[in-house]
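Participant: As a plain string of letters, each chain reads:
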Amino acid sequence: MKTFEEKWTAWLDGQLSDKELAEFEASLPDLEAAEAEKRDALRLGAFLKEQLAAQAMSNEEFFSHQLHQRIAHEREDRSRDRGTSTWWTIPRLVWSGAAALALFVITTVVLMSQHQPGEQSEYLTQILNSRVDPAANPNATIYIFESKNDNKVTVLWTEGLQSLPADYAAK
Amino acid sequence: MQLRPLLLAMFFTLAISVASADAEHLVWSGLVIAENVPQPAPIPPELTTLEQTLKDLFGYNQFEVIGQSNKTLKTGEEDWLANSKYFGLHVDARGENDAGYTLNLKLYKENDVLLETDANLSKSSPLVIKGPQVGSGQLLLVLVVKDDEQAHRRRHAEPANPITAGWYRLRRIIHNALP
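These protein sequence lines are chains A and B, in that order. Numbers 11 to 181, taken from my numbering, label the letters of the first sequence in order. Numbers 5 to 183, taken from my numbering, label the letters of the second sequence in order.
Keep in mind that the hints were calculated from the coordinates and are not lab data. By construction, the Cβ of each residue, glycine as well, lies at the ideal position given by its N, Cα and C atoms. The reader is advised that the hints may include incorrect statements.
[To be verified] So, partial list: chain B residues that the calculated Cβ filter (under 7 Å) puts toward chain A: (1) Ala123; (2) Asn124; (3) Ser126; (4) Ser129; (5) Ile133; (6) Gln137; (7) Val138.
[Claimed, not checked] If you want the ones that stay clear, here's a sample from chain B, every Cβ over 12 Å from chain A, calculated: (8) Glu28; (9) Gln43; (10) Pro44; (11) Asn65; (12) Thr76; (13) Glu82; (14) Asp83; (15) Trp84; (16) His94.
Using the sequences provided together with the hints, build the complete structure.
Facilitator: As structure tokens, this is what we get:
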């Protein structure tokens, strides 16, 4: 057995069957006032539905707006980070070091290969030319050689220079 | 952008090379009288590393420095004198090159030039010149380039290896290429 309120709600919503409708409308003391109330209720329902729908739309838009803003912020931060962050990541450092080392090795090998086998070692002193006064030392001769030990001494050996008295050894 | 690390690494290497290539060197020049005496004096400290070589080469047991000079080469174009009472060794450095320093050497006996020589004095190879007989001894001229003492010893202790040689060559080329 439905209560009056249940029947009233069903009537407002147009959910009563023909028999129930006839019985319910017959039971109303003032049908016209009830119809007016029904119209008001329907109008209110429509208004509320409209408002609630608008409200829901507005929230959705607000949420969407917030989401867009957040995405934009994140993009800005990311691009700012990309601009200021160090380029020297560990893998890049490793590759750079390896590349520099390879460059050095290649250059060294190339330079070493330019060194001719017959060329005098750059670690030895070279005598470019040498001369003695031929008038004072007509029989003078000059030899150049290198010592055989680890000192790598270059020797310019003169023979036939005029001998000098012991006094010349003075400091 | 990929070239940036390479360029930086190269610049860094160049900077180090140039800085180390600019190291100053000290050239010791000495007038030495070599003699055979019954009780030889200890060899002067400047000749300690060459003692055995000098003894083997000339057969004397005493080496006395009668004149000397220590010259620090900054530009490689300095000149200096090592004097004794009667002898003078004038050394005129005419620049740094691949082998070391280009030097013009003149041995004076008072005002006379006894001997003149042009040489490339290597940083790791001393130069010994046998001069005239003086009394019972012999006048020797000795020139030695000294740098960092430890590096000097290391170079003598270890045979030169091709990698090191290549590195020094590269250093010199870079040094010469840059103003």
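Participant: Which numbered hints are broken by the structure, listed smallest first?
Facilitator: none
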